[in-house]
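Undergrad: Sequence:
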Amino acid sequence: RNLYVFHKPHTYAYNYQKTDFKSTDDRVFYYLLVDSLMPIEILVSFSALVRWDDTGGTKRECSSISKGVLMVEHFSWKCVAPGELVLKMHTSATKATVLNLPVGRHTLLFTVTSPIGHHIHLCSMVPCVFGEEDTVMPGLEKESYRFIEQATAILKAVGNVINSFSGKPELSKALKELELAHCPPGLRGTGMAEEHFRVFNSAFWYLIKYVLGKKAPYSYKFAFRSFTLDFKDTEVSEDDTVSSESCEKNAFSSWQNRTPTSEEEAAAVKLQAIWRGTYVRKVLNSRKPGTKENANVKETLQKLWTVIELNFEQCAVMLLRKMFKRNCMSIEKFPCYEDEWCKIVFADYAVTYADQPPNVWFVVFREIFLVPEDVLIVPKVYTTIPSCRLHVVDNDTLEEMPHVFFKVAPRVYPKNKKGYTFMAEARTGDLPVAAGRWKLRLIGSHSPLPFLSREAVNNVYSTKEIREYYIPNDKHVMLRYAVKVTASHIATVQVQTSKSDVFIKLQVLDNEEEIVSVTGQGHAVIPAFNFLSNETLLSS
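The sequence shown begins at 1 in UniProt numbering and counts up by one.
Bear in mind the hints are in silico, worked out from the structure with no lab data behind them. Just so we're clear, the structure is a prediction, and the values are computed from it rather than from any experiment. Don't be surprised by glycine CBs; every beta carbon is placed ideally from N, CA and C. Where hints are given, some of them may not hold.
What the hints assert, rightly or not - Here are the computed lysine-lysine pairs in the BS3-like style, where the Cα-Cα straight-line distance is at most 30 Å:
1. K209 x K325
2. K232 x K292
3. K215 x K303
4. K168 x K282
5. K415 x K209
6. K418 x K484
7. K303 x K209
8. K282 x K176
9. K407 x K418
10. K215 x K417
11. K417 x K78
12. K176 x K209
13. K292 x K282
Stated by the list, open to error - Estimated spans, in silico, between C-beta atoms of each pair:
14. K475 x R321: 45 to 51 Å
15. A96 x R51: 44 to 50 Å
16. R454 x R51: 51 to 57 Å
17. A409 x T278: 42 to 48 Å
18. I490 x G189: 53 to 59 Å
19. I490 x P102: 45 to 51 Å
Make a model of the complete structure from these sequences and hints.
TA: In structure tokens form, the structure reads like this:
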């Protein structure tokens, strides 16, 4: 018996199609972004155009006909390893199947191999983004639907607490609902609960300062203490510090240049304890309906909530995103944490290069990027140059970032003082390279990304080239040059030999002390080195 199933594409809310014809067996890549609060079902139809045997062979001969292959796997630009394979189809005609995905955000990589051409047709009841890399990546900068849902639930619970602040039973109920909203399932009663509450309180204070323009008056600090009953938050304590401008300098002049006695220290500690006790009782009293403190706090919180409601979703996302940035283990228990694997932000930096003759080496790109905070970065290069390699150097330590398969590996870049130098070198082969465009894309998990140390990218370099015949001496030293630096600048140093299998060690010495060195076979390059002028060295 045969079972024939006919699908009507027009009955689906969303249809996406891709067709490609070519004469090679090169792989073609497509990307799919789908995000939904409901389970996802996508109909995948794959048609392959292959070379058929015109002689009409036997069944066994027909089975040897080359087939088209479609592979679908989970994908993230932040991960080097391939993702989980979710679908694989072989056909010499047309095949279709249903792809089921759970709730959440998913990025899938479609890899197609077909001798002549292929056609892919996707049918879905939820919107998707399907196409090339540049089509899909911008959508991943937005927060996922589950993240927004979780964030809005937390901020709505905050609003319920504010609106219920003058009623004892209502306030108690609203506080429990807030705890359920911002505490992931299974967190209560664990060792992470206390840390998680500190993370939430810190994020809430950050939101308050953002809404108020980062200068929170004393009434808002007191309202925050009353809302959270958090007396240990160091960020609020720092903001509570009285500025020197408001203090009379003469009051402290008698304490300068002298050590307090033990009696004076004991008296100061006692005064601090009395003040702290008074302050804590005042905060606790503000939780009691009918008190003057409660009325003042309720009025302050209502003013705050009025401002928050003007940009409710933005504030909600900011609150939860700040919690995520704290890297607390409890955050991983949120269902929306699974979507973080796909989330990215990126920035592009492009330069052009001139025509290059055969068998030359040249610098394509060299810029310093400053890192404002620790951040995961995946550098990716787009170029048509056959041989091109990117280097990243920590300018504080002069260490080069490691490579995986000749590409800079994804890693967390710690904040440093002098930034990181990104340098791309290229070599032409026996054929010349035509002028073209080179692009660097920095991909990260969240903002802010590293930024240029100057306003614009430079693509013009001054080059000093020396070609000579060298014979190594008895110490195996092949060449040695003294460099006089008239102005401090960053330079790239490269050595290449006509004998391609010779091992080279390239060093930069300062008073016979090695500052940096690299090794290579037939070719060695120091991507970036900061040469200081003689005047700078003398002044330091």
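Undergrad: Does the beta carbon distance between K475 and R321 stay inside 45 to 51 Å, or does it fall outside?
TA: violated, 58 Å
Undergrad: Starting from K292, check that the Cα of K282 is at most 30 Å away, please.
TA: Roughly 10 Å between the alpha carbons, so the hint for K292 and K282 holds.
Undergrad: Are the Cα positions of K209 and K325 separated by 30 Å at most?
TA: holds, 17 Å
Undergrad: With the threshold set at 30 Å, check whether the alpha-carbon distance from K215 to K417 stays at or below it.
TA: holds, 28 Å
Undergrad: Given the hint that K215 pairs with K303, does the C-alpha gap stay at or below 30 Å?
TA: Given pair K215, K303 holds - Cα atoms ~15 Å apart, limit 30 Å.
Undergrad: Take the C-beta atom of I490 and the C-beta atom of P102, compute their distance, and say whether it sits inside 45 to 51 Å.
TA: Given a distance of about 49 Å, which is inside 45 to 51 Å, the answer is holds.
Undergrad: Is it true that the CA of K415 sits at most 30 Å from the CA of K209?
TA: holds, 24 Å
Undergrad: If you draw a straight line from the CA of K282 to the CA of K176, is it 30 Å or shorter?
TA: holds, 23 Å
Undergrad: Would the pair K232 and K292 pass a check requiring their Cα atoms to be no farther apart than 30 Å?
TA: holds, 24 Å
Undergrad: So if I understand the rule, the pair passes when the alpha-carbon distance is 30 Å or less; does K168 with K282 pass?
TA: Given that 30 Å is the threshold and the Cα spacing comes to 17 Å, the pair holds.
Undergrad: Given the hint of 51 to 57 Å, check if R454 and R51 actually sit that far apart at their C-beta atoms.
TA: Cβ of R454 to Cβ of R51: about 55 Å, so the range 51 to 57 Å holds.
Undergrad: Verify the proposed pairing of K303 with K209, using a straight-line Cα cut of 30 Å.
TA: holds, 13 Å
Of the numbered hints stated above, those contradicted by the structure are hints 14, 15 and 17, listed in ascending order.
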